[in-house]
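The listed protein sequences correspond, in order, to chains P and U.
Sequential numbering from 1 applies to the first sequence in the numbering used here.
Sequential numbering from 115 applies to the second sequence in the numbering used here.
Derived from the structure by calculation, the hints contain no laboratory data.
Where a beta carbon is used, it is the ideal one built from N, C-alpha and C, also for glycine.
Each statement offered as a hint is correct.
For each label pair, taking beta carbons as the anchor points, the in silico distance ranges come out as: (1) P:Ile54 / U:Arg130: 44 to 50 Å; (2) U:Lys166 / P:Val24: 34 to 40 Å; (3) P:Leu39 / U:Asn144: 31 to 37 Å; (4) U:Lys183 / P:Gln14: 48 to 54 Å; (5) P:Glu85 / U:Lys117: 22 to 28 Å.
Every beta carbon over 12 Å from chain U, so not counted as near; a handful from chain P, in silico: (6) Arg80; (7) Lys83; (8) Val113; (9) Leu114.
Distance condition first, Cα-Cα at most 30 Å in a straight line; then the derived BS3-like pairs of lysine-lysine: (10) P:Lys42 / P:Lys57; (11) U:Lys166 / U:Lys183; (12) P:Lys57 / P:Lys78; (13) P:Lys57 / U:Lys183; (14) P:Lys42 / U:Lys117; (15) U:Lys183 / P:Lys42; (16) U:Lys117 / P:Lys57; (17) P:Lys83 / P:Lys57; (18) P:Lys42 / P:Lys83; (19) P:Lys42 / P:Lys78; (20) P:Lys42 / U:Lys166.
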Amino acid sequence: EPEVTQTPSHQVTQMGQEVILRCVPISNHLYFYWYRQILGQKVEFLVSFYNNEISEKSEIFDDQFSVERPDGSNFTLKIRSTKLEDSAMYFCASIEGGKYDEQFFGPGTRLTVL
Amino acid sequence: DAKTTQPPSMDCAEGRAANLPCNHSTISGNEYVYWYRQIHSQGPQYIIHGLKNNETNEMASLIITEDRKSSTLILPHATLRDTAVYYCIVPPGVGAQKLVFGQGTRLTINP
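Whole structure, please, built from the sequences with the hints as guidance.
Put into structure tokens, the structure is as follows:
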């Protein structure tokens, strides 16, 4: 069964460093999302992406964040200058074009900022 | 987004049916009810969704009241692997909408 994959599974970085979290959505999917979950808290929407542009972003998704689909398969989330409060699980999700039934989530990347 | 209300926690015995309620009294006519679950710290997993008719798939059944103001997710024969946080979500409108997660219901299946 096709699945969303994310790398790395765990990323440790120093405050102020840049990180790139990578996702490979399911191949025929057209809508892409990033969510995050701070330990013990709710899953929060960050950004949605369609047709090579951001379609919606939350208040959390400030200028420190960016997303990119550099090729036909990868979908990346970049945090330019990490803060301690960016420590969280980051989940990528995707939806098949024209079929909005189900968002497929990846296993997540645990980001730890020291 | 239509607000949803779920009990914070529930227990169920293994092998029994788990019935998880959700209130969504402000739901609009074209808004669907979705259920997802999150097992420990894994990515959320889609379970089922519906508009107004009852729905069933290999994982669960969804019962939506006639006035659509509430719904119940039914896991017919709960197993220990069904222990998870279950989220009832009503995205605005139709199409590829973001999901707004609440606190959900923490379901514990007991042996």
